[in-house]
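Okay, here's what each chain looks like letter by letter:
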Amino acid sequence: MKFCHTVVARAAAACLALGAFGAHAQSSVQLYGLIDMSVGSFQNSGADRLTRAESGRMTTSFFAFKGTEDLGGGLKAMFNLEAFLAADTGAAIGRTFWDRQANVGLGGSFGNVFLGHNTTSMFVQGLMFNPFSSSMTFSPTMRFLYSTAAPYAVSAGGTAWTNSILYTTPNFNGLSGTLQASMKEAAGGSNSYAASVLYAAGPLAAGLVYEKEAIGAADQTNLLVSGSYDFEVAKLYAQYGQTKDDAADEKYKMVQVGATVPLAGGSVLASYGQQNADEADVKVKTFSLGYDYFLSKRTDLYAVYMYDKAIGLDKGNTFAVGVRHRF
Amino acid sequence: MKFCHTVVARAAAACLALGAFGAHAQSSVQLYGLIDMSVGSFQNSGADRLTRAESGRMTTSFFAFKGTEDLGGGLKAMFNLEAFLAADTGAAIGRTFWDRQANVGLGGSFGNVFLGHNTTSMFVQGLMFNPFSSSMTFSPTMRFLYSTAAPYAVSAGGTAWTNSILYTTPNFNGLSGTLQASMKEAAGGSNSYAASVLYAAGPLAAGLVYEKEAIGAADQTNLLVSGSYDFEVAKLYAQYGQTKDDAADEKYKMVQVGATVPLAGGSVLASYGQQNADEADVKVKTFSLGYDYFLSKRTDLYAVYMYDKAIGLDKGNTFAVGVRHRF
Amino acid sequence: MKFCHTVVARAAAACLALGAFGAHAQSSVQLYGLIDMSVGSFQNSGADRLTRAESGRMTTSFFAFKGTEDLGGGLKAMFNLEAFLAADTGAAIGRTFWDRQANVGLGGSFGNVFLGHNTTSMFVQGLMFNPFSSSMTFSPTMRFLYSTAAPYAVSAGGTAWTNSILYTTPNFNGLSGTLQASMKEAAGGSNSYAASVLYAAGPLAAGLVYEKEAIGAADQTNLLVSGSYDFEVAKLYAQYGQTKDDAADEKYKMVQVGATVPLAGGSVLASYGQQNADEADVKVKTFSLGYDYFLSKRTDLYAVYMYDKAIGLDKGNTFAVGVRHRF
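Residue numbers (the UniProt record's numbering), protein chains in the order written: chain A, 1 to 327; chain B, 1 to 327; chain C, 1 to 327.
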């Protein structure tokens, strides 16, 4: 049975009656998220091709709460609670339930400080500078940065760091930066830090991220340099990244070039990337070509073809069509 | 401490300010659910009788989010995220966290298409045509269709199918239908499909569901035929179902007859069902008699007696009183 | 990407259009919670000191839904769904997902009756009568009542009881009481009951809680006597508690004295407690001193020093600063 909930009635009646917020009635809680489902034939290099109905291939499905409270005097308090999910099975997914992000922060003219399980700047710049954004399947950049198994470089810290402090500077005419550190706490814990700068003004954007990750036995030094330029007939992207595994004394290098081209009311997305290792024989080439059509600001349809080839393994071909709905 | 959240303020302020929705301001997210708690003496056939405080005996407790976006031109986007819970222990329950339902869909004059973890039509028609609806304890139909252990037929696919596509037709003068298929994806996966038709107009309703389930080693062919007629002094129900276990070459047959009778501002609920197996000596008879009284459209009190007898096992007697609250 | 959700639009449009609530438009669902993050140097007696970014040291972080429906005639229906979380890792924490509380209740002139996983009165009076409230780290009372390991008395039932009925009386000129019982249900289940009385009027408050817990092999008889008086220049607290382990024939005794002193727009918090055992050589002394400053009604900053010393173990010293944000 379908019953409306009555947030309006509650807020209008209960909040005004209690006067709980007074001058801070502009405070807010948002419930939001995204569900991405696709059907297609999926095949990574060296793997069997399988027909699947899949969640989160273009954007990992999630639901979330967040809010901002105006504390007066230019200060604000903020929180984020974001949970991944797999809409194809109904499963909560991730290393923890609120693995996408969980934090509380204070902001002001000095910038923002967040404490908790904070999204890394490597992930943010990784997704900003490629046409397939945060797609863990179709974006070569994301495949190279956040794989959990060979033949790719294996990410030590993932897209969010536990027990961390994240500082973001104010925006100075398009220039901003971040600093992040995670507490080791105990043997085997994460003792990592990162710094990033980002410039975005007009058609030009560029960014640099440096990460030093030490998580248990893993010891990585990571670097990502990114740029994009929007020519209007096309937006072009380029990225260069290094993942240096200090324990194994191996260095992986990745490069990605991409373009987003407006066409017939939607966008053509194209991205090519490859990842090499100096010491080992790892070489992966991935190319994705897609078309993305927005039915509204919140809902889009997409079709993607991906070619994936790792050295010594058979090539993989993936075809998928899907829908994303933001709420 | 009790603080109001400020969805109103956020939406009125933030959304209007951002102009995030423009022409689609009629979009919506709903937070809803149900908590069912009862106390009583519970005893299945062959089991000990235990005094319990129980969650979800009449309707499995859950919380959920859903939304609909008007895309214009008769099109709409929809999503559902629904999670079972046990209010007696606070546990999240189910095969996955969002096990009740998790999907995204598009609707229009052609009907609706949903992708994800979709509720089956067998479950929907199972609950529509018996007085105890989706009660996994008191409804003989639900006990026979969705048991997880002998002496009943064991359900292979449950009430929602993973990795599935669900198509529902528009309603043609009371006649509608569904098609559902789940992708096998890998060895051991579910490769199932189903079709259903439903007629509901005035006092008469009738339905037919066919399921072919192949999930790992399980291989079932299921059928459910249902009808109801509302005579106003009483609504009568009848159901006939088959569960054919193709691997074990056994066929279970179930029948249910029931009535809902308005009385003293509430409803008397009565349902008798039995399940037989041709090849094995399985025979279960279950009878439930209840009274349901609504304090409001959202909150009701109920009292139920259930008799349960499986061949070769002692009979069971259950008495319970409970409350359901929808939000 | 950031999209507003549209609870307002839904409620204003959908609810009014559907007329779903009619006379009960005053019904409500609240989404609320708290995130507490701190950084500091944490050390229990006998343990290593570690630098940490921690969730929930002052108040365990959580998110929750609740609602109240006016049934007319002085009756109301209520529900609570509350889930703990660790913002430092994003983990859902607790014995179950909705471990903080999960229940449905009916209220009226007779008081309130809740069914489900209900917060105990021992926990409520434990937190009401000490300056550090429900802090499982800094409040000596909470450390003594709810520890899960030696050298403290080990709590059998925790802060909420499963399968329980909770009755709360109306408030008679400041005097109120509770009765709670949990159903054993099966071998190893909880078969516990509790009673409490509370008086709170003007500056004076006092309370008494008695618990008889039988959970599997655990068999405890617990008692807590508490009092506070608000002199305005300072609020003073005192508590005496007993935990009698009937199986091991050991009795633990705890005492706590504390004060909250308004200072410079915030509050100084001080609490000293000790726990002794007659039969065993357990003796723990804990002292916490803090300063709590509210930036708004919903957001506060705190700094705490804690000294912790158990007999036979090295002393521990903890320093932490943190922020709590309620939503």
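Bear in mind the hints are in silico, worked out from the structure with no lab data behind them. Note that CB positions come from ideal geometry on N, CA and C, so glycine has one too. Hints should not be assumed to be uniformly reliable.
Stated by the list, open to error - Computed cross-link-like contacts, BS3-like style, restricted to lysine-lysine with a CA-CA straight-line distance of at most 25 Å:
no., chain 1, residue 1, chain 2, residue 2
1, B, K184, B, K212
2, B, K66, C, K66
3, B, K297, C, K315
4, A, K309, A, K251
5, B, K283, A, K66
6, B, K76, A, K297
7, A, K184, C, K315
8, B, K251, B, K297
9, B, K253, B, K235
10, C, K76, B, K297
To be verified - Where chain B lies over chain C, by a calculated footprint (3+ residues, C-beta under 8 Å):
no., region
11, 38-46
12, 90-97
13, 224-230
14, 258-272
Check your understanding: Which numbered hints turn out to be false for this structure?
Key -> 3, 5, 8, 11, 13 and 14
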